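> Construct all of the structure, not just a fragment, from the sequences and the given hints.
Those sequence lines, one after another, are chains A and B. First residue of the first sequence? That's 1 in our numbering, and the numbers climb one at a time after it. First residue of the second sequence? That's 1 in our numbering, and the numbers climb one at a time after it.
Quick caveat, the hints were computed from the structure, so don't treat them as lab data. Treat the hints with caution; some may be incorrect.
What the hints assert, rightly or not - Within a straight-line C-alpha distance of at most 20 Å, the following computed SDA-like cross-link-like pairs (lysine to any residue) qualify:
#: 1; chain 1: A; residue 1: K64; chain 2: B; residue 2: E317
#: 2; chain 1: B; residue 1: K206; chain 2: B; residue 2: H176
#: 3; chain 1: B; residue 1: K4; chain 2: A; residue 2: Q112
#: 4; chain 1: A; residue 1: K64; chain 2: B; residue 2: R110
#: 5; chain 1: A; residue 1: K4; chain 2: B; residue 2: E314
Said to hold, decoys possible - So the derived label-pair ranges between C-beta atoms look like this:
#: 6; chain 1: B; residue 1: H265; chain 2: A; residue 2: Q264; range: 21 to 31 Å
#: 7; chain 1: A; residue 1: D113; chain 2: B; residue 2: R271; range: 54 to 64 Å
#: 8; chain 1: B; residue 1: G48; chain 2: A; residue 2: Y102; range: 17 to 27 Å
#: 9; chain 1: A; residue 1: G210; chain 2: B; residue 2: D131; range: 57 to 67 Å
The structure presented is a predicted model; accordingly, all values stated were derived computationally and were not measured. Even for Gly, the Cβ is constructed at its ideal location relative to N, Cα and C.
There are 2 protein chains.
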Amino acid sequence: MERKTPTIQDVARFANVSTATVSRALSSPDKVSEGTRARVSEAVRATGYTLNQAGRSLRQRSAKTILVALPDIRNPFFSSILDAIEREAAARGYGVLVLNLYFGHETVRRLQDFLLSNRADGLLLLDGSVDTYLLQTISNQAGAIPIVVACEEIPNSGFHTVLTDNVDAAARATQHLIDLGHRRIGHLLGPEHNVVARERFTGFAKALAGAGLSPVPEWNFRGNFDMESGFSAAARFLSMAERPTAIFAANDESAIGFLSGLRQHGIICPRDISLVGFDDLGVAPHYVPPLTTMRQPREALGRMAAEALIDVVEDPEALGAPLRIVLRSELVVRESTARMAGADMGEPNRSS
Amino acid sequence: MERKTPTIQDVARFANVSTATVSRALSSPDKVSEGTRARVSEAVRATGYTLNQAGRSLRQRSAKTILVALPDIRNPFFSSILDAIEREAAARGYGVLVLNLYFGHETVRRLQDFLLSNRADGLLLLDGSVDTYLLQTISNQAGAIPIVVACEEIPNSGFHTVLTDNVDAAARATQHLIDLGHRRIGHLLGPEHNVVARERFTGFAKALAGAGLSPVPEWNFRGNFDMESGFSAAARFLSMAERPTAIFAANDESAIGFLSGLRQHGIICPRDISLVGFDDLGVAPHYVPPLTTMRQPREALGRMAAEALIDVVEDPEALGAPLRIVLRSELVVRESTARMAGADMGEPNRSS
DNA sequence: CGGCCGCGTGTAATCGATTGCATAACTAAT
DNA sequence: ATTAGTTATGCAATCGATTACACGCGGCCG
Numbered sequence: 001m002e003r004k005t006p007t008i009q010d011v012a013r014f015a016n017v018s019t020a021t022v023s024r025a026l027s028s029p030d031k032v033s034e035g036t037r038a039r040v041s042e043a044v045r046a047t048g049y050t051l052n053q054a055g056r057s058l059r060q061r062s063a064k065t066i067l068v069a070l071p072d073i074r075n076p077f078f079s080s081i082l083d084a085i086e087r088e089a090a091a092r093g094y095g096v097l098v099l100n101l102y103f104g105h106e107t108v109r110r111l112q113d114f115l116l117s118n119r120a121d122g123l124l125l126l127d128g129s130v131d132t133y134l135l136q137t138i139s140n141q142a143g144a145i146p147i148v149v150a151c152e153e154i155p156n157s158g159f160h161t162v163l164t165d166n167v168d169a170a171a172r173a174t175q176h177l178i179d180l181g182h183r184r185i186g187h188l189l190g191p192e193h194n195v196v197a198r199e200r201f202t203g204f205a206k207a208l209a210g211a212g213l214s215p216v217p218e219w220n221f222r223g224n225f226d227m228e229s230g231f232s233a234a235a236r237f238l239s240m241a242e243r244p245t246a247i248f249a250a251n252d253e254s255a256i257g258f259l260s261g262l263r264q265h266g267i268i269c270p271r272d273i274s275l276v277g278f279d280d281l282g283v284a285p286h287y288v289p290p291l292t293t294m295r296q297p298r299e300a301l302g303r304m305a306a307e308a309l310i311d312v313v314e315d316p317e318a319l320g321a322p323l324r325i326v327l328r329s330e331l332v333v334r335e336s337t338a339r340m341a342g343a344d345m346g347e348p349n350r351s352s
Numbered sequence: 001m002e003r004k005t006p007t008i009q010d011v012a013r014f015a016n017v018s019t020a021t022v023s024r025a026l027s028s029p030d031k032v033s034e035g036t037r038a039r040v041s042e043a044v045r046a047t048g049y050t051l052n053q054a055g056r057s058l059r060q061r062s063a064k065t066i067l068v069a070l071p072d073i074r075n076p077f078f079s080s081i082l083d084a085i086e087r088e089a090a091a092r093g094y095g096v097l098v099l100n101l102y103f104g105h106e107t108v109r110r111l112q113d114f115l116l117s118n119r120a121d122g123l124l125l126l127d128g129s130v131d132t133y134l135l136q137t138i139s140n141q142a143g144a145i146p147i148v149v150a151c152e153e154i155p156n157s158g159f160h161t162v163l164t165d166n167v168d169a170a171a172r173a174t175q176h177l178i179d180l181g182h183r184r185i186g187h188l189l190g191p192e193h194n195v196v197a198r199e200r201f202t203g204f205a206k207a208l209a210g211a212g213l214s215p216v217p218e219w220n221f222r223g224n225f226d227m228e229s230g231f232s233a234a235a236r237f238l239s240m241a242e243r244p245t246a247i248f249a250a251n252d253e254s255a256i257g258f259l260s261g262l263r264q265h266g267i268i269c270p271r272d273i274s275l276v277g278f279d280d281l282g283v284a285p286h287y288v289p290p291l292t293t294m295r296q297p298r299e300a301l302g303r304m305a306a307e308a309l310i311d312v313v314e315d316p317e318a319l320g321a322p323l324r325i326v327l328r329s330e331l332v333v334r335e336s337t338a339r340m341a342g343a344d345m346g347e348p349n350r351s352s
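Right, dumping it as structure tokens:
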């Protein structure tokens, strides 16, 4: 009754061949004769045999699995990248392990465990804030697995990287506001130590500079990429006497929280303020107003990162020098930005 | 230079003990003497040893991994459940493999592969639409792994199940509209063959019946749980002469698409129409207007499902009879619903 | 003093699949 | 006809960790 799950031995016995032949019949069919192949297939069917991946992994030293480590699965930005990764991995026969990264030693230890325990053949890191030193150490250890960093960048790390053109995209988003006649432009920041957030700020400042403006410190609102932080930032905005007429938000989520906070106090977008977001989340076209935003090619990003990682996993020499793919984001103009109405009221941004 | 990754053998040699002792020192420290334990720890440090999970899995016939199969990772509803699952699993030392389910044989074959290849010790299924027959077959095979179904239900399957009170919650959502004086109430449906969607419709109809009303077929708008389908449904709404004054939407995503579609044509919520959604997505409180919705305890759902699964994995007898946990959803009243203004205009829903 | 118990450790089998090497049966070439 | 090469298969080692069983040693009890 309680018979054990059939192994390759059972198949071999049934088909009257050796286990070696069964193995070959299954993984390299052209190496066995047609007759044997048929007998083995029949035996597999009859016994209900399925591969034991642990056995194979042990012998082949490969788990046919990649590990995706990300800061927050709930974030729709990441989840759609994860989706693309999973599709690509599945297409190439790999499974996907996910690992939520929080702060703290415990998390890093877990990451390390995964990396070095032969559970995964490669790591796809969607977070640049992991301790670089540790990561380097890990990746230099004997038996370490290949790493690809996506979305964020770990400077000078030598890891393969796939990301979007944050600086340039942020500059173009800001330029859009400038083109609409805005001169008093603020920024809703991302997390303080986040590389991507900084790049977007850099692009923002760059575009301002190009127009003879420069950032006004009070108009750089602290944010954290999430709705709540945008919502809080709105309170600070409201308490200010001198307000910007336009905002470039580091991402759509915080942009939505920000607009929501403003609206509670009667500040209506785009009538009273223009706003450009970043990401083009699914909700962006359906928000009120539909959001003008920089669309990141999330599918492509996830797919290409997974491709690159699996390429390296299967042939460590495949890519040669560290890869660096930069994908271009695209401005999607909707209704959250409007031409600056009438004359500029109050002081403009300080001239640089 | 290119030395291989250290194994338990290396540690044993270094510490001058047998591999058995090393293994014991690491997994059941109380079985070895203090001195040995120290020597082994030192040897582990010195050699840089890390466990090879494949070896352990092979011997112990357990992968310390659970498989989560879901219809769409991008859906924020699922991704936050996945998040909770991952946390619980991590806390208990399990890794999480994710598998996107699409339609088609290929997908099911992959699911089967995973289930039977010892890559995972258990399956957490977040989708009731997987072929029941196949699932039963798989789960009856020798060596099959435990299955817990979450969110959706597979009737008569005998699987452990964790879900929310869809029928009752839908009824309460609808009752809220009734309490506000609405009599002309429509429903934005979920996918036609989706169990959850049907349950919500049932609850909707039940509440109407309780108020002496019954569903008006033309007011049941086809939907698909996603924004686009809600958006399309809005077009149909607009083309109708006799319109409902309130809508119960099967979920928040489609609700947002619906409101967005209406707004494009000047129909404003809650002025012209009231709407209750379902899920309480992160964006719900920040939408315009903030959405009245049934909040599903997503964290709890994911956590409890993972708990139950791991319990069974670790002790197949742990739960005894098939478990069925039903979590209660909670109505969150925000601003998308308003008291029916003035007298009832036009025909009410047909009396039952 | 002899026997029993328990602790700490080692020996070796085991988990399931893959694969290097050997072998046998043919084919082709000289 | 002999040699070389090819093809199909089997034998047995191997991957790394766990664990059943055995053993030696010291202490305790009768």
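> A separate judgement is required for each hint: does it hold in the structure or not?
Quick rundown of the hints versus the structure:
| no. | hint | result |
| --- | --- | --- |
| 1 | A:K64 <-> B:E317 | violated, 32 Å |
| 2 | B:K206 <-> B:H176 | holds, 13 Å |
| 3 | B:K4 <-> A:Q112 | holds, 17 Å |
| 4 | A:K64 <-> B:R110 | holds, 13 Å |
| 5 | A:K4 <-> B:E314 | holds, 18 Å |
| 6 | B:H265 <-> A:Q264: 21 to 31 Å | holds, 25 Å |
| 7 | A:D113 <-> B:R271: 54 to 64 Å | holds, 56 Å |
| 8 | B:G48 <-> A:Y102: 17 to 27 Å | holds, 26 Å |
| 9 | A:G210 <-> B:D131: 57 to 67 Å | holds, 58 Å |
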